[in-house]
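Peer 1: Chains as they are written, first to last, in this note's numbering: chain W, 675 to 1561; chain L, 33 to 209.
Simulated from the structure, these hints should not be mistaken for lab results. Heads up, some of the hints might be wrong.
[Stated by the list, open to error] Below, computed lysine-lysine pairings styled on DSS-like, alpha-carbon distance capped at 27 Å:
hint: 1; chain 1: W; residue 1: K979; chain 2: L; residue 2: K80
hint: 2; chain 1: W; residue 1: K979; chain 2: L; residue 2: K55
hint: 3; chain 1: W; residue 1: K851; chain 2: W; residue 2: K889
hint: 4; chain 1: L; residue 1: K55; chain 2: W; residue 2: K992
hint: 5; chain 1: W; residue 1: K1254; chain 2: L; residue 2: K77
hint: 6; chain 1: L; residue 1: K67; chain 2: W; residue 2: K739
hint: 7; chain 1: L; residue 1: K55; chain 2: W; residue 2: K769
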Amino acid sequence: MAQPLVKKDDDRDEEADYSPFLGIEKGAVLQEARVFNDPQLDPRRCSQVITKLLYLLNQGESFTKVEATEVFFSVTKLFQSKDIGLRRMVYVMIKELSPSADEVIIVTSSLMKDMTSKTDMYRANAIRVLCRITDGTLLTQIERYLKQAIVDKNPVVASAALVSGIHLLQTNPEIVKRWSNEVQEAVQSRAALVQFHALALLHQIRQKDRLAVNKLVSSLTRGSARSPLAQCLLIRYTSQVIRESANNTQTGDRPFYDFLEGCLRHKAEMVIFEAARAITELNGVTSRELTPAITVLQLFLSSSKPVLRFAAVRTLNKVAMTHPTAVTNCNIDMESLISDQNRSIATLAITTLLKTGNESSVDRLMKQITNFMSDIADEFKIVVVEAIRSLCLKFPLKHRSLMNFLSNILREEGGFEYKKAIVDSIVILIRDIPEAKETGLLHLCEFIEDCEFTYLSTQILHFLGIEGPKTSDPSKYIRYIYNRVHLENATVRAGAVSTLAKFGAMVDGLKPRIFVLLRRCLFDTDDEVRDRATLYLNTLGGDGAVVETGADVKEFLFGSLDIPLVNLENSLKNYEASEKPFDINSVPKEVKTQPLTEKKAPGKKPTGLGAPPPGPPTTVDAYEKLLSSIPQFAKFGKLFKSSAPVELTEAETEYAVSVVKHIFDGHVVFQYNCTNTVPEQLLENVTVIVDASEAEEFAEVASKPLRSLPYDSPGQTFVAFEKPDGVPAVGKFSNMLRFIVKEVDPSTGEAEEDGVEDEYQLEDLEVVAADYILKVGVSNFRNAWESMGADFERVDEYGLGPRDSLAEAVNAVIDLLGMQPCEGTEAVPPNSRSHTCLLSGVYIGNVKVLVRLQFGLDGPKEVAMKLAVRSEDEIVSDAIHEIVASG
Amino acid sequence: MELCPLIKNILLLDSEGKRIAVKYYSDDWPTNSAKEAFEKAVFAKTQKTNARTEAEITMFDNYIVVYKFVQDLHFFVTGGENENEIILATVLQGFFDAVGLLLRGNEDKKEALENLDLILLCLDEIVDGGVILETDANVIAGKVDSHSMDAGAPLSEQTITQALATAREHLARSLLQ
């Protein structure tokens, strides 16, 4: 207890006025806590000390383990006192201390006594405390009381039990699920909040059972919930039911819509708003359905309460994205909100107006916004900038005034995020509106003349390098770029050098001038800048002769780096300087953080500019080191891929085993990760007996047993198979864990001498086609597709049979192929009738594969798919089709 | 999908943004410094606004914060970005009014610190682990107040308050039914 007293001088200085906690010190308060141990308890004084302890915790002070334990034990003494106020503080204190399992036992009996007390407050609070600190084992003991409490006459007690149930459902679902009947009864409670809590719990218990939720909603929507909160919950559940049943009712009225509309006339504002919001978020909502919701939201817009105005304008803002015309009616109210005191509301109003505005109102709005911009915070400005960007894309004819606005605000003061949003917007406008290109580029050039953000400067320089040479007069940008070489830091200078080189590569007329400028950069103080200048002078042939730039040079300058930078960084960190040069081909290309492996390939392209083969990120190294350290597997060559671990045992069994499949060209290694969860056992000589009778092409060649597997310290055993070289052989393997088990004395931890041989059946394991494909993304699918060419393109159509939804079909095919979805095409918009999904990957043998999947709904639920494959090898293209055909 | 309305935190700060009592119900701010950073940001953002007659609202870092000030006390309630703003405001109003009742109209920092036990109990009665327990200020204050009175409390004045609170509670209940 005698901790050195921590001086809190700052407290003393700043709190000139009186505070009861002036100069409070943890050490002193802990000393004071000794009063809890007095035989004659003074409740008032004890309450004060607890308040002080809570104050300290609240201020962010933390107790050491010893201190917390000591306080906890002395606090438990206070259960002797009959003072209700003190008991109340004791409850709060115990919750704050969050005692450990062995400490919980100390208070359990006191709390259980309180749980059955006649005083309602004791019962309610004891339940909340006990459920907060308890673990599963204790729960079964008190379950009976909790069930009673749920249907207790006192609403506070019932609510306490129900809310505790909501929390416990996360950790002990199987126990809480047994309370359904009581919870069901509580839903009928006359007490408003009990009904709310019961409804929340009942829904969470049943949420997996769609039919039950449906029944719950339809029975409750007929009446009316007793509290606005319960009514809000009901609205949320109803819209969930509507969402899930949307497919069945393409025709006719939406189920439960009448209930939602009825809630718009509820007397509580929170219910009205919840219903209005629910209606606006319905899938494929019609304007007839929207109208009543918009009307109530419009009323909220002129409310005197900022919260209502904010809620309404935020919702209308979202509606404006999909149904701009539905919101136009509110434009007048919206315009008056531009001058709202609350700037969040004003910003939302502006951006909504920008979305709903028509072409003729753009100029007027821009004027209003210009005045408004100066007095809002950066983050709101970003919202406005984004709204203006989409407005410009909507009305390309207005690009002049909008681009002007953007360039004006670009010149004004602002933080990085804000400037970045503006630059991004200009870049997007340049890309999408050809007429805006030249002015936009000039605006950007002017911006980098006086830009304090290195990141933005380099981004803009990069962009200039791509777009600038394609303009009518590329030479006018050179001055801006070369100025950077004089005036900026090394990073920007290096960027500028690259940009100059790009101009040189693309515009032959500029070559001589570019060479002069690049040669000047050879004297730069920074290594990187000089290196780049030298490299570019050599690749572009800067020895004076103006030659046409070769395709491979262009590819080098403009091609994208298709390796994730994180992976490159890791590989470079791991690279140890040696005779062998760093090989970019050895850098993993895998995007996902799946545990996948790749051995360093012998360098085929020493320049490191070609397409590097794939591999995995972070855990790669771990697997690679592990496998190469095992002599039996060292000769298998380059590791192609390692799968994610697959569980071979149920959760919570005696032995937990998962398997990782390591694929080599001619071999497959199964790595079994084993954990022994029995404290009284030591396993020795652990092996997995694999039966490969259903995997004809595989033959077992080696295995590595695990010498010893003590309790709770995972170990690995391996089995290796030979398979035909480069062939994606598939098969099913059944596994049996075999080991010698020895009893361990839990008190000493020593194992007995003699062991018994035993076996343990594991689940089957399959090697599938997807194991032979690496997930490797491409940054620009269209470019990759075009450049791959149609030489080995294979196209065919497949019927996928009845599916739950298009999304399900898309996911099934992605999983089957094990390829990387590109450009977010794995996401299927709700209610769409067709979808295109783009996949990319690398097939065993290091062959790049691109896949274009076109899905369509054929009939009510039948899904048809057109599969187009391009790859560098026709055998591979055919193999992909085979995978799909046989899947 | 979590459909139950959830409260991320409730804050009571003073006029310099320092803690009087705070309660976090979410793991979004795992450390004390993360919590302090959040409080600092919230305070800086709301300091200049006038939230004395009506509760105000703002949104940042994907949180919705509703707030109301009285004297040198600043009340905040935070929820996720998809939370119903009006539910958050109802919780705020419940907390704000309950503290007003518990401090008997003397809402200032000094009074709040002197009755910190009541304020902590008040927080405990409003939200449990993010789930809203009660939003009616009279009921909340009634529950908090009645406890501090029992055996040890001698003053007759308090018994009257307690009686009043209980009466209010009963009235509120009967109105709700």
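Peer 1: All the hints need checking, so say for each whether the structure fits it.
Peer 2: Each hint, compared with the structure:
1. W:K979 to L:K80: Since the Cα atoms of K979 (chain W) and K80 (chain L) sit roughly 18 Å apart, the hinted pair holds (cutoff 27 Å).
2. W:K979 to L:K55: holds, 26 Å
3. W:K851 to W:K889: Measuring from Cα to Cα gives roughly 18 Å; hence the hint holds.
4. L:K55 to W:K992: Not OK: K55 (chain L) and K992 (chain W) at ~32 Å, beyond 27 Å, violated.
5. W:K1254 to L:K77: violated, 56 Å
6. L:K67 to W:K739: holds, 22 Å
7. L:K55 to W:K769: holds, 12 Å
In this structure, the earlier hints numbered 4 and 5 are contradicted, and the remaining ones agree with it.
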